[in-house]
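K.L.:
Kindly produce the complete structure, drawing on both the sequences and the hints.
Protein chains in written order, with numbering that gives the first Met the number 0: chain A, 0 to 201; chain B, 0 to 151; chain C, 0 to 159.
Heads up, some of the hints might be wrong.
To give a feel for the contact side, a few chain A residues facing chain C, derived at Cβ under 7 Å [to be verified]:
#: 1; residue: H34
#: 2; residue: D38
#: 3; residue: S43
#: 4; residue: D44
#: 5; residue: Q53
#: 6; residue: L88
#: 7; residue: H89
#: 8; residue: E117
Listed below are the simulated DMTMM-like cross-link pairs for lysine to aspartate or glutamate, each with C-alpha atoms no more than 20 Å apart in a straight line [said to hold, decoys possible]:
#: 9; chain 1: B; residue 1: K58; chain 2: C; residue 2: E118
#: 10; chain 1: B; residue 1: K58; chain 2: C; residue 2: D79
#: 11; chain 1: C; residue 1: K96; chain 2: B; residue 2: E85
#: 12; chain 1: C; residue 1: K96; chain 2: B; residue 2: D122
#: 13; chain 1: C; residue 1: K96; chain 2: B; residue 2: E126
#: 14; chain 1: C; residue 1: K37; chain 2: A; residue 2: D61
#: 15; chain 1: B; residue 1: K90; chain 2: C; residue 2: D39
#: 16; chain 1: A; residue 1: K99; chain 2: C; residue 2: D39
#: 17; chain 1: B; residue 1: K106; chain 2: C; residue 2: E32
#: 18; chain 1: C; residue 1: K62; chain 2: A; residue 2: D61
#: 19; chain 1: B; residue 1: K90; chain 2: C; residue 2: E93
#: 20; chain 1: B; residue 1: K90; chain 2: B; residue 2: D122
#: 21; chain 1: C; residue 1: K38; chain 2: A; residue 2: D61
#: 22; chain 1: B; residue 1: K115; chain 2: C; residue 2: D83
#: 23; chain 1: C; residue 1: K38; chain 2: B; residue 2: E79
#: 24; chain 1: B; residue 1: K25; chain 2: C; residue 2: E32
#: 25; chain 1: B; residue 1: K58; chain 2: C; residue 2: D83
#: 26; chain 1: A; residue 1: K71; chain 2: A; residue 2: D61
#: 27; chain 1: B; residue 1: K90; chain 2: C; residue 2: E140
The hints are simulated quantities; they were obtained by calculation from the structure and are not laboratory data. Don't be surprised by glycine CBs; every beta carbon is placed ideally from N, CA and C.
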Amino acid sequence: MGKENDRVKPFSGPPEKTLDYSKVAHLVGKSSPYHDPHDIITQSDIRHWCEVMQDPNPFYADEEFAKKSRYKGIIAPPAMVQTWSLDDLHYALQRFVEGKTPFMEDPHNQLTGILDEEGYTGVVATAQEQTYLKPIRPGDIIRTKITVGYVAKYDSFTRQGVGRYVDILYTFVNQKDEEVCKETFRILKYKPPATTRHLYEG
Amino acid sequence: MAKKVAKETKNVYWEDVKVGQDLPEKSRVIDTTLIVAGAIWASHDFMPVHHSRDFAQSKGAPDIFMNILTSNGLMATYLEQWAGTEAELRKINIGLQVPNFPTPGNKMAMNARITKKYKDGKDHLIELAISGDNSMGPHVVGTAVMALPTKG
Amino acid sequence: MNSSQVKGLVGKESSVMRALDVVSTSDIRHWRELMEGKKDSWNTKETPAPMLLAWTMDPLWPKRVEGTEPHQQILKLLEDSGYDLPLGIGLDQEYLKPVRLGDNLSYKVKVVSVSSAEEKMEMGKGYKVVLNYTFSNQKGEEVSRQTYTILALQKMALKQ
Numbered sequence: 000m001g002k003e004n005d006r007v008k009p010f011s012g013p014p015e016k017t018l019d020y021s022k023v024a025h026l027v028g029k030s031s032p033y034h035d036p037h038d039i040i041t042q043s044d045i046r047h048w049c050e051v052m053q054d055p056n057p058f059y060a061d062e063e064f065a066k067k068s069r070y071k072g073i074i075a076p077p078a079m080v081q082t083w084s085l086d087d088l089h090y091a092l093q094r095f096v097e098g099k100t101p102f103m104e105d106p107h108n109q110l111t112g113i114l115d116e117e118g119y120t121g122v123v124a125t126a127q128e129q130t131y132l133k134p135i136r137p138g139d140i141i142r143t144k145i146t147v148g149y150v151a152k153y154d155s156f157t158r159q160g161v162g163r164y165v166d167i168l169y170t171f172v173n174q175k176d177e178e179v180c181k182e183t184f185r186i187l188k189y190k191p192p193a194t195t196r197h198l199y200e201g
Numbered sequence: 000m001a002k003k004v005a006k007e008t009k010n011v012y013w014e015d016v017k018v019g020q021d022l023p024e025k026s027r028v029i030d031t032t033l034i035v036a037g038a039i040w041a042s043h044d045f046m047p048v049h050h051s052r053d054f055a056q057s058k059g060a061p062d063i064f065m066n067i068l069t070s071n072g073l074m075a076t077y078l079e080q081w082a083g084t085e086a087e088l089r090k091i092n093i094g095l096q097v098p099n100f101p102t103p104g105n106k107m108a109m110n111a112r113i114t115k116k117y118k119d120g121k122d123h124l125i126e127l128a129i130s131g132d133n134s135m136g137p138h139v140v141g142t143a144v145m146a147l148p149t150k151g
Numbered sequence: 000m001n002s003s004q005v006k007g008l009v010g011k012e013s014s015v016m017r018a019l020d021v022v023s024t025s026d027i028r029h030w031r032e033l034m035e036g037k038k039d040s041w042n043t044k045e046t047p048a049p050m051l052l053a054w055t056m057d058p059l060w061p062k063r064v065e066g067t068e069p070h071q072q073i074l075k076l077l078e079d080s081g082y083d084l085p086l087g088i089g090l091d092q093e094y095l096k097p098v099r100l101g102d103n104l105s106y107k108v109k110v111v112s113v114s115s116a117e118e119k120m121e122m123g124k125g126y127k128v129v130l131n132y133t134f135s136n137q138k139g140e141e142v143s144r145q146t147y148t149i150l151a152l153q154k155m156a157l158k159q
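P.N.:
See the structure below:
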C-alpha cells in the first residue's frame, strides 16, 4: 500500500496553463482554398508506388487488362491519393527544416500555430480514415481542400502528455471538380512531457 | 517574383564569351536529403550505398554517398543555369574522385572554364572544363560541350 | 575469377532493352526540382538529357531475374568473386536528339573493356568495367550515346 502511494506523487506544482477554446473556436469548420498538386497523376508515379508496396494489381499497370475492366483504363491505387497533396521538396524542407510553414494563412496551419504557441508543440497522428468516392487515373489533377473539423474543448491526458485532439478533414477533387476522396485525419497536439513532468513523477 | 522571371530569361550569347573565361562558382550543400532524394527520387537508383548508412558502412564507406547520376545532373544543371534557356548541353564527360558524403558542413563548389570556342555547321559551340570540389577534395572533374545562342 | 569467361564478354552487345516507364511529367519534375530548385513551373516537356540513365535502373521490385545480357554477366562474375560493390565512376554523355514527354526509350549496352587484373584506385581495389549505352526513342531514332565506367570494388578503402 505504501509503495503504491510512492509511485504517484500528489499534485503539487502550479496549475497547468491550458488552452482557452475561444482562441481557436473561430477556425473550426473553416477551410483552405483548393491547393494544386505538385504533379499530375502519371503512370510512372503509380508504378513507383507499386514497386514500393509490392503491388502487382493489373488495374494499376496493365492497360489492356484495365481497359476491359469496369474502370475502362488504368487507375491509381486509391490509397495514393494524398501523395499529390503533400509538400513538394522545397516546401517540405521549409516546413520541417527551416520551421517556416508554407500557406500559413490556411485555417489548419493557423490552428497548429496557435497550439504550438500555447505549448502543445508535439504532434502525433492517431487515426486516419479515407473514403474513396471515385477512381483516380493517370492524367488526373488532384486538388486538395483542408478543413479544421474539430478541436477538443478540453485537454486529454495521454501517454504522450497533456494534449488536444484535432480532426483535420481533407477533400480531394479531380479536374472536373468531382470529389474523389474524403479523409479525416485525427492528430493529437500535445505538450511534450518535459513541460508536464510533475504528472509523471514517482 | 520579378527577380525570378529576369533570371529565367537571361541568356549567354556565343559572341559574348571568350576562351579562358571562368563561370561564376556555385555551390550545393551536400546533405543526406540531397543524396537520398537524388538517388531514389530523381534518378531511381536503389543501390543501398546511396540511402542506407548501415549498408554503406558494411562496405567500408564512412557514410552514404552520392550516386554518379546526381553528381552529373548537378554539374549539367550548373552549366544550363549559367547559360540560360536558349543554350543546349550537347556533351558532358565526368570522372569521380572523392565521393560526396553528407559530412556536416559539406558543400560541392562547382566551377567551369571555357576552353574552346568554335563553330560546327550551324552550331555555335563552346567547350568547358568543369569541376566540383567538396570538403575532402575534387569530387567531379570533366568536360562539357554546349551550343549557345547568337545575337543573330 | 574465370578471366577467360570475362574476356569472352568484351565486345558483346546486349539485346534491346526497354525503359520501364514512359517519359512522364512527374519524373522530369522530380529531377528538375532537385537539380534546379524551387520554381513556379518547370519545363516538363523535355527531359534533362543527363537523366537518361535513370530509365535504365532496375526496379526495387519485382527483382529482375538474373540478367543474361553481357554487361549483367560480367558484373555477376565480378560479384561472385567478391567484387560486389559496383560504383559509377565515369560518364561520357553525348546528346543527339531531345527526349520528350511520352517518349518510350530503349537501349542497348555493349561491354567495351574490363581491367585485365585488379586495379588500385582512389576508392579501393577493383575492376573497371567500361560500358557503351545507345539510347533510342520509339521511332528508332538514336537520342544519346553514353560511356559509363563502373568500378567493381571489394570494399571501399579511402585514404583520408
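K.L.:
Among the hints numbered above, which are violated by the structure, and what are their numbers in rising order?
P.N.:
1, 8, 14, 15, 21, 22
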